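Sequence lines, in order, name chains C and H. What the first sequence shows, in my numbering, is residues 52 to 627, in sequence order. What the second sequence shows, in my numbering, is residues 175 to 604, in sequence order.
Bear in mind the hints are in silico, worked out from the structure with no lab data behind them. Please read these numbers as outputs of a predicted model, since none were measured by experiment. Be aware that a few hints might be false.
Derived DSS-like pairs: lysine-lysine, alpha-carbon spacing no greater than 27 Å straight-line [to be verified]: (1) C/Lys-262 / C/Lys-363; (2) H/Lys-240 / H/Lys-299; (3) H/Lys-304 / H/Lys-256; (4) H/Lys-256 / H/Lys-240; (5) C/Lys-363 / H/Lys-540; (6) C/Lys-363 / H/Lys-533.
Some chain H residues judged to face chain C by a derived CB distance under 10 Å, without partners named [as the list claims (entries may be wrong)]: (7) Ala-451; (8) Asn-454; (9) Pro-455; (10) Thr-490; (11) Phe-494; (12) Arg-520; (13) Asp-544; (14) Ala-548; (15) Leu-549; (16) Tyr-550; (17) Ala-553; (18) Gln-554; (19) Ala-558; (20) Leu-569; (21) Phe-572; (22) Asn-573.
Just so it is clear, CB atoms sit at the ideal spot from N, CA and C, and this is done for glycine as well.
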Amino acid sequence: MITSRAWSPWLAVVLAAATSISRSPAAAPEAADRVVFTDITKDTGITFSHQYSPDKKYILESMSGGVVMFDFDRDGLLDLYFVNAPTVATAADGQRARSELWRNRGNGTFADVTERAGVGYPGWGMGAVAADVDNDGWEDLYVTCFGANRLYRNNGDGTFADVTGRAGVGDPRWSTGAAFADYDGDGWLDLFVANYVDVRLEALPPFGRGKFCEFHGIPVQCGPRGLPGSGDSLYRNKRDGTFENVSARAGVADPAGRFGMGAVWSDFNHDGRPDVFVANDAGPNFLYRNNGDGTFTDVAFAAGTALDENGKEQGSMGVAVGDYNHSGAWSLVVSNFSDEYNAFYRHDRAFQFRDVSLASRTAKSSVPFVGWGTHFFDYDNDGWLDLVVFNGHVYPQVERAGAAARYAQPTLLYHNNRNGTFAEVAAVSGPALAKPSVSRGSVAGDLDNDGDVDLVINNLDGAPTVLRNDGGNRQNFLVVELEGRTTNRDGVGAVVTVQAGDLVQRAERRSGDSYVSRSDPRLHFGLASHTKLDSVQVRWPDGAVQRFEGIGANAFIRIVEGAAAPSGASIGKAGR
Amino acid sequence: MSGILLPQNLQTFRRRCGLVAGMPGFHALRAGAAPIGMVLLVLYSGMAPVGARQQADPSVVQQTVKEGERALADGRYADAQKAYETLSRLTPGVAEVHARLGLIYFQQGKFTEAVPTLREALRLKPSLPKVDALLAMSRSELGQYEQALPGVKKAFSQSADTVLRRMAGLHLQRIYTGLGRDADAVDVALRLARFYPDDPEVLYHSGRLFANFAYLQTMKLATVAPDSVWLHQAAGEANESQGLYDAAMREYQQVIAAAPRRPGIRYRIGRVLLARAKANPSSGDLAEARKAFEEELAVDPTNANAAYELGEMDRTAGDFESARQRFAQAVSHYPGFEQALVGLGRTLVALDRPADALKPLQQALKANPDSDVALYQIAQVYRAQGNTAAQERALADFNRVRSLASKGKAAIPETKPDVTPQVIDPTAKK
Numbered sequence: 052m053i054t055s056r057a058w059s060p061w062l063a064v065v066l067a068a069a070t071s072i073s074r075s076p077a078a079a080p081e082a083a084d085r086v087v088f089t090d091i092t093k094d095t096g097i098t099f100s101h102q103y104s105p106d107k108k109y110i111l112e113s114m115s116g117g118v119v120m121f122d123f124d125r126d127g128l129l130d131l132y133f134v135n136a137p138t139v140a141t142a143a144d145g146q147r148a149r150s151e152l153w154r155n156r157g158n159g160t161f162a163d164v165t166e167r168a169g170v171g172y173p174g175w176g177m178g179a180v181a182a183d184v185d186n187d188g189w190e191d192l193y194v195t196c197f198g199a200n201r202l203y204r205n206n207g208d209g210t211f212a213d214v215t216g217r218a219g220v221g222d223p224r225w226s227t228g229a230a231f232a233d234y235d236g237d238g239w240l241d242l243f244v245a246n247y248v249d250v251r252l253e254a255l256p257p258f259g260r261g262k263f264c265e266f267h268g269i270p271v272q273c274g275p276r277g278l279p280g281s282g283d284s285l286y287r288n289k290r291d292g293t294f295e296n297v298s299a300r301a302g303v304a305d306p307a308g309r310f311g312m313g314a315v316w317s318d319f320n321h322d323g324r325p326d327v328f329v330a331n332d333a334g335p336n337f338l339y340r341n342n343g344d345g346t347f348t349d350v351a352f353a354a355g356t357a358l359d360e361n362g363k364e365q366g367s368m369g370v371a372v373g374d375y376n377h378s379g380a381w382s383l384v385v386s387n388f389s390d391e392y393n394a395f396y397r398h399d400r401a402f403q404f405r406d407v408s409l410a411s412r413t414a415k416s417s418v419p420f421v422g423w424g425t426h427f428f429d430y431d432n433d434g435w436l437d438l439v440v441f442n443g444h445v446y447p448q449v450e451r452a453g454a455a456a457r458y459a460q461p462t463l464l465y466h467n468n469r470n471g472t473f474a475e476v477a478a479v480s481g482p483a484l485a486k487p488s489v490s491r492g493s494v495a496g497d498l499d500n501d502g503d504v505d506l507v508i509n510n511l512d513g514a515p516t517v518l519r520n521d522g523g524n525r526q527n528f529l530v531v532e533l534e535g536r537t538t539n540r541d542g543v544g545a546v547v548t549v550q551a552g553d554l555v556q557r558a559e560r561r562s563g564d565s566y567v568s569r570s571d572p573r574l575h576f577g578l579a580s581h582t583k584l585d586s587v588q589v590r591w592p593d594g595a596v597q598r599f600e601g602i603g604a605n606a607f608i609r610i611v612e613g614a615a616a617p618s619g620a621s622i623g624k625a626g627r
Numbered sequence: 175m176s177g178i179l180l181p182q183n184l185q186t187f188r189r190r191c192g193l194v195a196g197m198p199g200f201h202a203l204r205a206g207a208a209p210i211g212m213v214l215l216v217l218y219s220g221m222a223p224v225g226a227r228q229q230a231d232p233s234v235v236q237q238t239v240k241e242g243e244r245a246l247a248d249g250r251y252a253d254a255q256k257a258y259e260t261l262s263r264l265t266p267g268v269a270e271v272h273a274r275l276g277l278i279y280f281q282q283g284k285f286t287e288a289v290p291t292l293r294e295a296l297r298l299k300p301s302l303p304k305v306d307a308l309l310a311m312s313r314s315e316l317g318q319y320e321q322a323l324p325g326v327k328k329a330f331s332q333s334a335d336t337v338l339r340r341m342a343g344l345h346l347q348r349i350y351t352g353l354g355r356d357a358d359a360v361d362v363a364l365r366l367a368r369f370y371p372d373d374p375e376v377l378y379h380s381g382r383l384f385a386n387f388a389y390l391q392t393m394k395l396a397t398v399a400p401d402s403v404w405l406h407q408a409a410g411e412a413n414e415s416q417g418l419y420d421a422a423m424r425e426y427q428q429v430i431a432a433a434p435r436r437p438g439i440r441y442r443i444g445r446v447l448l449a450r451a452k453a454n455p456s457s458g459d460l461a462e463a464r465k466a467f468e469e470e471l472a473v474d475p476t477n478a479n480a481a482y483e484l485g486e487m488d489r490t491a492g493d494f495e496s497a498r499q500r501f502a503q504a505v506s507h508y509p510g511f512e513q514a515l516v517g518l519g520r521t522l523v524a525l526d527r528p529a530d531a532l533k534p535l536q537q538a539l540k541a542n543p544d545s546d547v548a549l550y551q552i553a554q555v556y557r558a559q560g561n562t563a564a565q566e567r568a569l570a571d572f573n574r575v576r577s578l579a580s581k582g583k584a585a586i587p588e589t590k591p592d593v594t595p596q597v598i599d600p601t602a603k604k
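Chain C on its own, in the form it takes in the complex:
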């Protein structure tokens, strides 16, 4: 008799492990039931459309694009910049793809100001990030491209100037994620740029030919496996409008050429020096610890963020960072390829992470999807960070592969159960989230300044999606804007701690995360039913601490480094 313990497969002729995949049934908490995300894209008047080729025969056509949420004109309203890219065919015809800047009119609609701003044609766009690189109070715009990247200096009058050449940040490779932080503590923002695959437009690997050009047995675009990767770049801000490429000296040049995607700066060990995490596609991730002497050490393997719980490298795309469990440590979520789970790395102590993807109940639901933009954000203002992941496959051909995966994929929204686990609640959070899309970069922020966090997604195959949060502001909130004076003007790297009763939350000001995107620069705190804060504390990057008491809830406040009191205004709770 063949025993039940038999190991060897009898007459086995096929491969593929049979692991179970299913979306967990939504177990929506009562409070979460009341928050709905509504697709208001058409109402906004935004007509941006990302160029796309139906077949995606080349990897170049699958990875764009990012989106930036920033107040370029300082009118108090968040504007949107969508990155665009041509297809191989349209590029061969000499056509360009128009990236677009949309100004928030404050009435729910946006105006296309691309031409006047002069930011429409950065090149073969991938992602973008905004930061005030010259400390003049106006956020500038950096666009990553396949080909030379662009730095647009914000002139403060609605126009931008291309200062790439003078600044020396035009990395000519295929760049993806970019993020700003002041790694050397000189008060000026430096720039990290992740680079992806080393290919040339005129020598792209032919569709479906070769062992790295198949998916579940069907021909697809080639790469990134089988193609050479590109190293990464770190540019140090020289405070005179120029940057110095210090990648090699700093130890972050990635000479082996891993396939860099999302990048984010965060001070993981709270030593006042920002570290950088890089999500690498089809390879171990980087976690560079800032040594404080201008150099970095990759500690990803020792920290437990290089691989998944199986010791397996994943196809990583986007990154979310946040203190989801109120431990004071920044945990990481990395969105990954299909047949892999999104990796949830809980940060236990300085550079000691644990993969809690299964324990957090976020793993299984993510396996069928290719994840991109992702955010920790408190969508229902209950004071605990929730999680969202936007999905979409890279192969249109996947529809024919007979696998569970589909090309257009729904969004995953996880509600924080406040016990280390999450419940997937997209199905009860409005039809917009269930609608399959081919999403890429995404941003989170309070677009309508009504006290809850909205979402904007750049979709690869056409129009973007603007999702209005309806109901999140039924609970209280505080929004904090920072302005550095001795430290960098954006306050990037500052940590704000708010306390309301036993509810203690921390948030770090970052510039660049998710997938090749930049979210609301203001820090949003849900306060549940608390109407007043016991304290609001800011620790600036240089270590200086400011503490304020007696601030009321439902307010947008601005804290200027060194100022005696925050400025700002409270709003009522009449929002949607």
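Let chain C serve as the given structure and place chain H on it in line with the hints.
Just chain H now, with coordinates in the frame of chain C:
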């Protein structure tokens, strides 16, 4: 009725598989056994030069020899054959000429001509080296297995020439198969695999032989017990291995109908449901799979695989305490169950019990020193314990194994595992 193909009789099956002389594919052995130049080199070596004891006009003989050799050197076998046929008429008593002509016939697949020619060479000079082996292999090619057997057997067992021994071994394997002496064929296949472990043709023929052998046995099962639970189980497993899940389910259900308490079948049903759930996650198969594994344990509480699968389902659902109990149950019945040991270890890590996790993970490593998942989990244990030095050592071991695995993986295709392996990601991206 079983889903297995049932030929009319075994001879039909052998013919279909090219095990009978004259069938396409059979002669591929000769052409594929070694490069032509290599065969010529091996078989010519040791033969005396042509030209001795000439009786015809020496100049004509010399000229013809020259033409024949040049044609051979150029690979023009038809011309070489013509020249040596002339020579055999001019010098009928020269054994080497017949030997060489026989070889030329052999090389061209003209075995009917090769046999009498080589036999004549041996008659004239029995001591001619390797000609007896060539004659035997020619007879083998003609399906004259009984006559071929002694010569081929001798060449395989006694020849010091590795190329000749390899050719003879492949012929011997086929001869035994053709004669229905399957056990002897298997023995030769195993010896060939030992002598030539990385030889693609040897691997191909031995793999084919074993597969055929298994097939024949199953056919016999179908003949002697067409309605038996064994046949339905075999058909179920065959269908399952080919991804024909609905057909597999039908066969397994027939087993249960005939033998409701038969152990192992509900486990297999659970595995089929797991596989089906992968293609259609919303089908409800996952819940049914859990039910099948639980039913299996009700029938056979010692089924470690069923306990393991339930543990893995619990683990991936984040129900770690339940998973721990299931893995422990599997390991209690099967202490060397590597996957269950890894599952138990990593579950204990998830339960914040790193000290307890170390033992099962180390046991898993004993079962499989190349278990990268176990090594990685051990590194996690040491990290959780704050033992940086041990963590670094474990990570170094992990990276070494991982590096070796990535080098070897391309050459060895994966087979379908009998339990869900300790990985979540079964496919490489892009």
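So, going through the hints one by one against the coordinates:
1. Taking the CA atoms of C/Lys-262 and C/Lys-363, the gap is near 20 Å; set against the 27 Å cutoff, the hint holds.
2. Of the pairs offered as hints, the one joining H/Lys-240 and H/Lys-299 holds, with about 23 Å between alpha carbons and a cut-off of 27 Å not exceeded.
3. A hinted pair counts as satisfied when its Cα atoms are at most 27 Å apart, and H/Lys-304 with H/Lys-256 qualifies at roughly 23 Å.
4. For a cut-off of 27 Å, the pair hint linking H/Lys-256 to H/Lys-240 stands: about 12 Å separates their Cα positions.
5. With a C-alpha separation of about 21 Å, the suggested pairing of C/Lys-363 with H/Lys-540 holds against the 27 Å cut-off.
6. Note on C/Lys-363 and H/Lys-533: the hinted pairing holds, with a Cα-Cα distance of about 22 Å set against a maximum of 27 Å.
7. A distance limit of 10 Å between C-beta atoms decides the matter here; for H/Ala-451 the minimum to chain C is near 5 Å, and the interface restraint holds.
8. For the restraint placing H/Asn-454 at the interface with chain C, the shortest Cβ-Cβ distance is roughly 7 Å, inside the 10 Å limit, so the hint holds.
9. With a cut of 10 Å, the hint placing H/Pro-455 at the interface with chain C holds, because the nearest CB-to-CB distance is about 4 Å.
10. A distance limit of 10 Å between C-beta atoms decides the matter here; for H/Thr-490 the minimum to chain C is near 6 Å, and the interface restraint holds.
11. Annotation: interface hint on H/Phe-494 holds; nearest CB of chain C at approximately 7 Å, less than 10 Å.
12. A distance limit of 10 Å between C-beta atoms decides the matter here; for H/Arg-520 the minimum to chain C is near 7 Å, and the interface restraint holds.
13. With its C-beta approaching chain C no nearer than about 12 Å, H/Asp-544 sits outside the 10 Å limit, and its interface hint is violated.
14. The restraint placing H/Ala-548 at the interface with chain C holds, with a minimum CB-CB distance near 9 Å, inside the 10 Å limit.
15. Because the smallest distance between the Cβ of H/Leu-549 and any Cβ of chain C comes to about 7 Å, under 10 Å, the interface hint for this residue holds.
16. With a cut of 10 Å, the hint placing H/Tyr-550 at the interface with chain C holds, because the nearest CB-to-CB distance is about 3 Å.
17. Nearest Cβ of chain C to the Cβ of H/Ala-553: about 8 Å, under the 10 Å cut. The hint holds.
18. Look at H/Gln-554: its Cβ gets to within about 7 Å of chain C, closer than 10 Å, so that hint holds up.
19. Because the beta carbon of H/Ala-558 sits about 7 Å from the nearest beta carbon in chain C, less than 10 Å, this interface hint is met.
20. Satisfaction of the interface hint for H/Leu-569 is found here, the shortest Cβ-Cβ separation to chain C being roughly 6 Å, below the 10 Å cut-off.
21. Interface hint status for H/Phe-572: upheld, as the beta-carbon distance to the closest one in chain C is roughly 6 Å, under 10 Å.
22. Interface restraint check: H/Asn-573 against chain C, minimum CB-CB distance 8 Å, threshold 10 Å, status holds.
Figure legend: structure checked against the earlier numbered hints; the only hint not met is number 13.
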